[in-house]
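Novice: Single-letter residue listing:
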Amino acid sequence: MAKSIETRTEIITYGNDGIVRCSVKPTEDHTLADAEENVRATAVLTEGRRMPLVLDARQAKKITREAREYYTGPKNAEVVMATAMIIGSSVGKIIGNFLIRVNRPPFPFRLFSDEDSAYAWLVDIRAAHADDAAGAR
Amino acid sequence: MMQREPDSDGGRGGRSVPDTSDPREVRAAQLVERLGRLHARVAAALDGSPLVLDSPSGLEGILEHLERDVDRALDAVVAERARNQRMDHQFGELVEVVTALAGLDYTQQATVYEGQDDSINALAIGLNMMGEELASSTARLIRARDEALAANRAKSTFLANMSHEFRTPLNAIIGYSELLHEEQSASADPMVLRDLNRINSAARHVLNLIQDTLDISKIEADKLELDIRPLELRRLVEDVAATVQPTAEQRANTLEHAVEITTEQILGDSTRLRQILFNLLSNACKFTENGLVRLSVTERTRAAERWIDFAVRDTGIGIPADKQQRIFEAFTQADGSTTRVYGGTGLGLTISRRLCKMMGGTLTVTSEVGVGSTFTASIPVLAVPQGV
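Quick mapping for you: the protein sequence lines, in order, are chains U and Y. As numbered in the numbering used here, residues 84 to 220 make up the first sequence, in order. As numbered in the numbering used here, residues 14 to 401 make up the second sequence, in order.
These aren't lab readings, by the way, just hints derived from the structure by calculation. Mixed in with the good hints there might be a few duds.
[Said to hold, decoys possible] Not the full set, but computed from the structure, chain U residues with beta-carbon under 8 Å of chain Y:
1. R141
2. S172
3. V174
4. V185
5. R187
[Unchecked claim] Straight-line Cα separation of at most 25 Å, SDA-like style, residue types lysine to any residue; simulated pairs:
6. U:K158 with Y:E146
7. U:K144 with U:D100
8. U:K176 with Y:M100
9. U:K144 with Y:T120
A virtual CB, placed ideally from N, CA and C, is assigned to each residue, including glycine.
Bound-form chain U, shown alone (with noise of 0.2 Å):
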């Protein structure tokens, strides 16, 4: 049975396939201590174990300097295997582009238009990392 938490910013939800995803609410902001709570969030969902994560970013407004580089810094890394974000517009583009060329993070990014290619993505990521998704059954 799939376990999820809520956040201010985010539904946080774990399945029984081993990865995770993150439903951005619209929030009107989007800060430093929301990407703390969530990366925490994360982290007690997996049971500290680093998972693929499917990040629907298609209602997300606006995030803080310091919560990218939160999203894209060692602590989250330790939590997350690879991130395919899911964008719906100009708006999730820009956000996702910086991300990616700005703030560079140390695992594998992508951006996608819908949920099929983001999850067959993050299969194939799971497959060559076999040996840590071991622990999700």
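Place chain Y on chain U using the hints.
Specialist: Frame of chain U, contents of chain Y only:
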């Protein structure tokens, strides 16, 4: 009841062909035509058909439909107009933010409007994020610059303090060794006098090293300034030659100098010029034994500019071709064993070249191992103004 003559097009209204190429007039004429057709349709309905006024298909129903359509159209026009006004305003804001960023002002933020065009909102968000990144990078650079400046100041202060701390006892050593030498010269064991000379020489060497280190430090920090004044070139050359003469004699060298110039007085820094010539001549004497060291001072014109060349030629050991540029690097001599055999600080040529460059000139070398070397310091002539 309104009387109306039927039209040849079956009640569709008369055609008005505007006798103009003005698009606005053509458009207006088309609208009038459409209104005319609408009027004709209403009139035809009134004239021929049995209308029930309260039924949906009656005239009132037609008018209600028309009113709803007009209301919707008007709402759409008003909304579009408001949206365009917001878009214009938002574009204006974006231009201001771009201008502010170009002026290194990273505090201005563009507003993101709910329901506004997605592309424009994305652009506003992108500009805001770019401003944040630039502000952060600039702050980091400023901190790094301030730290570097502070470290440089600390280094200069340290050097100045250490220079004083070293010089004071060294001058005492030099002074006392000379005093002892003088007192003992008539009666002392030659070995004692020799040792006193060695003490004196070693102390002077360290003193030179300290001075050279200070000089190179000042040059690198762009803090060394030339003291430009009128100087008598011929006298300066003779003074330097006289100073170097004992060094030349120590290794049985013949020291010559020749000044072939028409300009007796020029503007320059006599102290630094003296330093360059002394360095070149003492090097030549050091690396030559039983040979010839010659200083030639000549004048030439290049591209309407007058130059003076100070060429120091020796018949010494020479410098291998692959080392001829390295010798101008700080603390580098042609060979690792050179310092042991010939002494020196390894800074003389570095300082001399930089001083020449500060004067607008150059310092070059030609050399052949076993034959000798020629170092040429070339500087542009600064003429003494009339009346000085």
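Novice: A separate judgement is required for each hint: does it hold in the structure or not?
Specialist: Verification of the hints:
Hint on R141 of chain U is violated. Least Cβ distance to chain Y is approximately 12 Å, over the 8 Å limit. For the restraint placing S172 of chain U at the interface with chain Y, the shortest Cβ-Cβ distance is roughly 5 Å, inside the 8 Å limit, so the hint holds. Interface restraint check: V174 of chain U against chain Y, minimum CB-CB distance 5 Å, threshold 8 Å, status holds. Because the smallest distance between the Cβ of V185 of chain U and any Cβ of chain Y comes to about 6 Å, under 8 Å, the interface hint for this residue holds.
For R187 of chain U, the interface hint is violated, since its Cβ never comes within 8 Å of a Cβ in chain Y; the closest pair sits about 12 Å apart. This hinted pair checks out: K158 of chain U and E146 of chain Y have alpha carbons roughly 21 Å apart, not beyond 25 Å. Taking the CA atoms of K144 of chain U and D100 of chain U, the gap is near 29 Å; set against the 25 Å cutoff, the hint is violated. Among the hinted pairs, K176 of chain U with M100 of chain Y is consistent with the structure: their alpha-carbon atoms are about 20 Å apart, no more than 25 Å.
A threshold of 25 Å between alpha carbons decides the hint, and for K144 of chain U with T120 of chain Y the separation of about 20 Å falls inside it, so the pair holds.
Hints 1, 5, 7 from the list above are not met by this structure, while the remaining hints are.
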